[in-house]
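Those letters in the sequence shown? Residues -20 to -1, 1 to 104, by mature numbering (1 follows the signal peptide of the UniProt record, and there is no 0).
Just so you know, these hints were derived from the structure itself, not from any lab. Fair warning: this is a prediction, and the values are worked out from it, not measured in the lab. Incorrect hints may have been included.
Cross-link-like lysine to any residue pairs, in silico, SDA-like; alpha carbons within 20 Å at most [said to hold, decoys possible]:
1) 47 with 61
2) 73 with 84
3) 88 with 63
4) 41 with 20
5) 55 with 75
6) 47 with 37
7) 51 with 82
8) 26 with 55
9) 41 with 79
10) 26 with 75
11) 51 with 21
12) 55 with 72
13) 47 with 19
Label-pair ranges, simulated between beta-carbon atoms [to be verified]:
14) 10 with 72: 18 to 26 Å
15) 71 with 30: 31 to 39 Å
16) 84 with 26: 14 to 22 Å
17) 15 with 41: 16 to 24 Å
Even for Gly, the Cβ is constructed at its ideal location relative to N, Cα and C.
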Amino acid sequence: MKAKLLCIISIPLMLLTACGDNVLVVRTPLEGDYYVRTNIENLEWKHFSDMISSDSGIEEKDFDQLKLTLKTNPKTRYIMVADELYRFDQNGKMIYYTDWEEEEGEYKMESLVFPDYDTTENIE
């Protein structure tokens, strides 16, 4: 009886602890974008950088800008073209652009670009 109880308790514990600190495997650019947006408040650079492609120029300052952008724009819209995702605020103003590439069966963020608006709000 004790052996059965021990097995019943230990199997779920092994399954739960086996997950550990593994980063999400992103299967589509939209899935990656959704993960970032829904977890941005708790996401740290260390884990975010695991989602970036090896040849990307994305830096920690870009990650900080993304955090601020998503904090100030909780409701957004998007357009997706192939592996490129354009994110807009509620007024239709583009707030960022991402390009994703497939590396070894999972998608990684290759580009993260914020539009440069002048004082008249025209993109430069």
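### Query
When the hints from earlier in the document are held up against this structure, which numbers fail?
Numbers 1, 2, 7, 8, 10, in rising order.
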